[in-house]
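K.L.:
Chain by chain, the residues run as shown.
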Amino acid sequence: MSVLKQCVRNKKFLLSAIILIPLLFVALFGNLLISHDPLEIHATQTLAPPSQEYPMGTDEYGRCIACRLVVGIQPTMIVAFGGTIIAMAAGSLLGLLAGYTKDAIGNAIMRVVDVILCFPSILLAMLVVGLWGKGVVNLVVVVGILYTPHFCRIAYSSTRKLRKMEYVESQQLLGASTMRILLKTLLPNIVSSLIIQFSLTVSSGILLESGLSFLGLGVVPPAPSWGQMIGDARAYIALNGQYMFWPSLFLCLTILSTNLMGDALRDVLDPKLKKSF
Amino acid sequence: MKMKKLLSIALSLALSLGLLAGCGGGGSQSSGSQATSGSLETAQPADGTVDTLLVGTSVEPSTLDPHIHSNVSTRFLLQNIYRGLVGYNLDGEIQCEVADSYVISDDNLTYTFTLKDNVTFHDGTPVTAEDVKYSFDRIMADDSTATYKSYFTGAGTTVNVVDDKTVEFVLAEPCAPFLEYLSLPESAIISKAWMEAGNDIATSAMGCGPYQFVSWDRGLQIDVQGYDGYYKEGLPKTKNVSFIFYLDETTRNNALLTGEVDLIDYVSATAVTQFEGNSDVSVYSRQGAFMMLEFNCEEGSPFADYRVRQAVAYAIDREAVIETAFNGRGEALYGFPTIAGQQGYNGEFDNYFSRDLDKAKELLAEAGYPDGFSCNILSTSDYSFHEQTALVVQSSLAEIGIEVTADLPDWATRIERSNTGDYDMIVCGTIGKILDMDWATIFYQSGEVRMDASPYFADEEIDSLLYQGRTTLDETAREEIYQQFRERALEMSPLVFICYREQAFVSGNYVQNFDFLSGSLSQQAGICLEQVVVNEH
Amino acid sequence: MGKFFLKRILTAIVQIFVVVSIVFFSLQIMPGDPVLMMLSRDGSAVDQEAYDALEAELGLDQPVMTQYTSWLAGLVHGDLGKSYGENRPVVDAIGDRLPRTLELAVVALVLACIIGIPLGIISAVRRGGILDLLLTLISSLGNSVPVFVLGYILVLIFSLNMEMLPSSGFVPLARGLENHVLRLILPSVTLAFGVAASVLRMTRSSMLESLGSESVRPLRAKGLSKSKVYLKHVMRNMLIPVVTIIGLQLGNLIAGTVLCEAVFNWPGIATLLVDAINNRDYPLIQGCMLVLSAIFILTNMVVDLLYGLLDPRAR
Numbered sequence: 001m002s003v004l005k006q007c008v009r010n011k012k013f014l015l016s017a018i019i020l021i022p023l024l025f026v027a028l029f030g031n032l033l034i035s036h037d038p039l040e041i042h043a044t045q046t047l048a049p050p051s052q053e054y055p056m057g058t059d060e061y062g063r064c065i066a067c068r069l070v071v072g073i074q075p076t077m078i079v080a081f082g083g084t085i086i087a088m089a090a091g092s093l094l095g096l097l098a099g100y101t102k103d104a105i106g107n108a109i110m111r112v113v114d115v116i117l118c119f120p121s122i123l124l125a126m127l128v129v130g131l132w133g134k135g136v137v138n139l140v141v142v143v144g145i146l147y148t149p150h151f152c153r154i155a156y157s158s159t160r161k162l163r164k165m166e167y168v169e170s171q172q173l174l175g176a177s178t179m180r181i182l183l184k185t186l187l188p189n190i191v192s193s194l195i196i197q198f199s200l201t202v203s204s205g206i207l208l209e210s211g212l213s214f215l216g217l218g219v220v221p222p223a224p225s226w227g228q229m230i231g232d233a234r235a236y237i238a239l240n241g242q243y244m245f246w247p248s249l250f251l252c253l254t255i256l257s258t259n260l261m262g263d264a265l266r267d268v269l270d271p272k273l274k275k276s277f
Numbered sequence: 001m002k003m004k005k006l007l008s009i010a011l012s013l014a015l016s017l018g019l020l021a022g023c024g025g026g027g028s029q030s031s032g033s034q035a036t037s038g039s040l041e042t043a044q045p046a047d048g049t050v051d052t053l054l055v056g057t058s059v060e061p062s063t064l065d066p067h068i069h070s071n072v073s074t075r076f077l078l079q080n081i082y083r084g085l086v087g088y089n090l091d092g093e094i095q096c097e098v099a100d101s102y103v104i105s106d107d108n109l110t111y112t113f114t115l116k117d118n119v120t121f122h123d124g125t126p127v128t129a130e131d132v133k134y135s136f137d138r139i140m141a142d143d144s145t146a147t148y149k150s151y152f153t154g155a156g157t158t159v160n161v162v163d164d165k166t167v168e169f170v171l172a173e174p175c176a177p178f179l180e181y182l183s184l185p186e187s188a189i190i191s192k193a194w195m196e197a198g199n200d201i202a203t204s205a206m207g208c209g210p211y212q213f214v215s216w217d218r219g220l221q222i223d224v225q226g227y228d229g230y231y232k233e234g235l236p237k238t239k240n241v242s243f244i245f246y247l248d249e250t251t252r253n254n255a256l257l258t259g260e261v262d263l264i265d266y267v268s269a270t271a272v273t274q275f276e277g278n279s280d281v282s283v284y285s286r287q288g289a290f291m292m293l294e295f296n297c298e299e300g301s302p303f304a305d306y307r308v309r310q311a312v313a314y315a316i317d318r319e320a321v322i323e324t325a326f327n328g329r330g331e332a333l334y335g336f337p338t339i340a341g342q343q344g345y346n347g348e349f350d351n352y353f354s355r356d357l358d359k360a361k362e363l364l365a366e367a368g369y370p371d372g373f374s375c376n377i378l379s380t381s382d383y384s385f386h387e388q389t390a391l392v393v394q395s396s397l398a399e400i401g402i403e404v405t406a407d408l409p410d411w412a413t414r415i416e417r418s419n420t421g422d423y424d425m426i427v428c429g430t431i432g433k434i435l436d437m438d439w440a441t442i443f444y445q446s447g448e449v450r451m452d453a454s455p456y457f458a459d460e461e462i463d464s465l466l467y468q469g470r471t472t473l474d475e476t477a478r479e480e481i482y483q484q485f486r487e488r489a490l491e492m493s494p495l496v497f498i499c500y501r502e503q504a505f506v507s508g509n510y511v512q513n514f515d516f517l518s519g520s521l522s523q524q525a526g527i528c529l530e531q532v533v534v535n536e537h
Numbered sequence: 001m002g003k004f005f006l007k008r009i010l011t012a013i014v015q016i017f018v019v020v021s022i023v024f025f026s027l028q029i030m031p032g033d034p035v036l037m038m039l040s041r042d043g044s045a046v047d048q049e050a051y052d053a054l055e056a057e058l059g060l061d062q063p064v065m066t067q068y069t070s071w072l073a074g075l076v077h078g079d080l081g082k083s084y085g086e087n088r089p090v091v092d093a094i095g096d097r098l099p100r101t102l103e104l105a106v107v108a109l110v111l112a113c114i115i116g117i118p119l120g121i122i123s124a125v126r127r128g129g130i131l132d133l134l135l136t137l138i139s140s141l142g143n144s145v146p147v148f149v150l151g152y153i154l155v156l157i158f159s160l161n162m163e164m165l166p167s168s169g170f171v172p173l174a175r176g177l178e179n180h181v182l183r184l185i186l187p188s189v190t191l192a193f194g195v196a197a198s199v200l201r202m203t204r205s206s207m208l209e210s211l212g213s214e215s216v217r218p219l220r221a222k223g224l225s226k227s228k229v230y231l232k233h234v235m236r237n238m239l240i241p242v243v244t245i246i247g248l249q250l251g252n253l254i255a256g257t258v259l260c261e262a263v264f265n266w267p268g269i270a271t272l273l274v275d276a277i278n279n280r281d282y283p284l285i286q287g288c289m290l291v292l293s294a295i296f297i298l299t300n301m302v303v304d305l306l307y308g309l310l311d312p313r314a315r
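Protein sequences appear in the order of chains A, B and C.
According to my numbering, the first sequence is numbered sequentially starting from 1.
According to my numbering, the second sequence is numbered sequentially starting from 1.
According to my numbering, the third sequence is numbered sequentially starting from 1.
Okay, chain A solo, but in the shape it has when bound:
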């Protein structure tokens, strides 16, 4: 059975796709959907209840919450996906190299990469933000650095195992270049593990970005981000519950659906694990 078919038959996959696809659509085309400038301040109508014009009411600066919600998904997604892509590219490349080359060099690469794992992730992120400052770009890099070792380990261990396999050795004898062996022969073997790790990392990235933004260490205001909106809204939980409710709901939904996606992919791509469930 093809992977795609298996995916479509998986309930978790379907459920998460139903949530994720519209969210990604909003993230990509959100700017076209909004009717108000999410940064524009209306000092006369702060914390207004929902109305025809402002379906979710306004925040403490009189800005449209709905519009900020729509735009606020962008930094989250950019950080989560951008960071994860960087981590996957860097991690799997380093891992493949480390696994394929001589033991000494490979070990050295792994030790260096492992240093990152010695830091609790949110603390390292806080330190890096303190060093370089806040902002989406820095956060992308932070997530990229933080999760490189995870991908690196996966690539490293499978390459290690595969290196001695006959078909790799035969290619070496045929004189194929290292790069070619790495990308054409070894990479396809670890794709499924990488995809599973990818979905896990995206959800961690979303959590990290929202947590940092909540602490005021993430996206630079006035640009909105969900975590930051929740952080701002907490001052008004007793006054305007809507303000807190919407970003929280969407943040939880997003994380939930990426988690489900991860589970589903694991079920489909890693049948060995599935049995135990």
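No lab work stands behind these hints: they were computed from the structure.
Careful, some of the hints might be misleading.
Said to hold, decoys possible - Below, a list of computed lysine to aspartate or glutamate pairs in the EDC-like style, where the Cα atoms sit at most 20 Å apart:
hint, chain 1, residue 1, chain 2, residue 2
1, B, LYS192, B, ASP143
2, B, LYS232, B, ASP459
3, C, LYS7, A, ASP114
4, B, LYS133, B, ASP143
5, A, LYS11, C, ASP61
6, B, LYS192, B, GLU173
7, C, LYS82, B, ASP200
8, B, LYS237, B, ASP51
9, C, LYS7, A, ASP103
Given the structure is predicted, the values throughout are model-derived calculations rather than measurements.
Chain A is fixed; fit chains B and C onto it per the hints.
P.N.:
Same frame as chain A, but now just chains B and C:
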């Protein structure tokens, strides 16, 4: 059967807990100090009041050294423990505190203070002239880190002990605001004997104020207790005060709403608006600090030209700053931040500037920038009102062709860069340190790059007016001098003032007698705490 | 065997050393000036002489390498230097704060196990049933609700609306057990939720695994009662991976308290670190990072060693 299953589950639970206990273990902690006297549970006196006031404060002090003014919250706390020779009362007048009386010599160079007989430190020893000398020598010492050191060294002060209860301050040249320097909370009297006994003044405190220091639970609270031997009869009215640290504003506000504290400081404009609709609380809000812009006037920068700075002053939409950064609370400043009546001020320059884009463009053109230029504005994203002010300035200046990039690092970076002048324009929220017009000296005098002054700005006329103002003692003459100074300061506009903002406290409505003044004295709210009564609630 | 242990322990020590060195040198290039933050937290002018005096007092006028070697020399003697902001040894500052964080983390962990393990067992026993489905759903939710969202939901319900529990703060045990415990409930429940979800999942899957394993099935066939099989064999097989996961979670949990402490004004080590970063209190940042990473590295090490003991292939 069912019973058995339940049992097995319960057993497995117990088993897992047992395993856990092995890996945990840090669960309970024993605190050595059982007898903390500023305890939360204390019996209530019979007269319908409570003997403990719980204050939620926004900052945990970094040092308790009374000679360092590191922030308003710490000063608020220390004002209850320490007293100086003189100080402000709640009418904004200077009155004797530790001093019983003072005499100023005819040449205005010698201030002789006689100390009160009944003033004692919290260890029971009397305050002597020797202690006064020790305190000021400490402030002026070479390795001193006292905030207002240069006020005293600048006036060439020497302190002499005349006898046990008499002390004189001899100045090298007359200094009109000298008594105001002495009224600063940072001119506190400390005990020589206590210091020499090796006590650490940064982590502990011992003064002669209404409250004595009890304990500092790091990360939690500082407790103080009323001092029985305080020289003002019947004060303090509330026996215990706990200053509990709530660094996060939302948490602090919630703590007041849920009754965990009785009084909170540093309430933002948005929160003040919310609290005002609530009859369970009392809001104390005073016009205090002001927002302003400083400019890097280094040669070659567009801001080296006073016309460009004036253009900025004409272009800024001050009402928009008040609306967005301060939720509509505040007062626009189109002139000089001087309270009417201060050193002869009659409100003449209150509308020196106005919002006039044409005039601003004209000035820019005269200065050689008809098409504007680009520059940066330094502010911080740590405090929303700083950030919002910068953003409004940015959009205002765009209207006259100045393209501004907002630079919003964290507060620590912003402070460092402001001290080294690493910016074109910077948003500051600040205040005069003393009531006398001499407060302007630190803001306008030429000299090394520093906070509170525009880097590389130097104007001989201003320097000379400031010097005359400080050393002249005749009040009429001073009024004249300072009127000239204010006009010149506005013409040169090294600082462009935007608006006053509020300093606000909020308490439960059962807290009585809490009060403080506006203007620079809004930073000395601590003096009223000895009067505060907490009713039963 | 001994070689493996020695190697793993040495690695952990090297890791800790590398971490503190990285932190030390990163702080040197971090913008912001600790002297200014001490003298003028609210940004008013600082006296130049006072500045120089304090800089010399803190030793910040020394070359970086001198500062580094003297810090390392102190570290060997268990001296982490003196905090600028707290005006006392870093060790004391951490000594005050760490127990509070540990308390929160351990209570949360215990709660998570009390909730997670039995529910995981029920879920596995009732595999495929409605209860199982419901629990799986709740555990997915547990992994998806950020600590700060859950925290505020609980504050809204239990302190602002129902006025049952205090919204925040910390009261030392010495000031009364009741006050202490009341303030512990919300933060620990908040922190426990996510962990409980992980524990539930892990319990469920390893329970299923051991139920289906070859050593258990024959026992049932032999006619041993269900509860006896569960209690004696299944449980024993199951608990090892679960305990390992719990050990791993402890490291994460302590770092994860950053957000929880911020929500509840809990004066633990994470809040201390955030303040230290804001104040550029270098010795304190180094000290906190050292302790937190050390806990993290050491728990990982213990877990690795455990694995090594149980499963020789992992060495």
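K.L.:
Give a verdict on every hint.
P.N.:
Structure-based check of all given hints:
| no. | hint | in the structure |
| --- | --- | --- |
| 1 | LYS192(B) / ASP143(B) | holds, 17 Å |
| 2 | LYS232(B) / ASP459(B) | violated, 47 Å |
| 3 | LYS7(C) / ASP114(A) | holds, 15 Å |
| 4 | LYS133(B) / ASP143(B) | holds, 17 Å |
| 5 | LYS11(A) / ASP61(C) | violated, 64 Å |
| 6 | LYS192(B) / GLU173(B) | violated, 28 Å |
| 7 | LYS82(C) / ASP200(B) | holds, 14 Å |
| 8 | LYS237(B) / ASP51(B) | holds, 8 Å |
| 9 | LYS7(C) / ASP103(A) | holds, 17 Å |
Comparing the model with each earlier hint shows violations of hints 2, 5 and 6; every other hint is respected.
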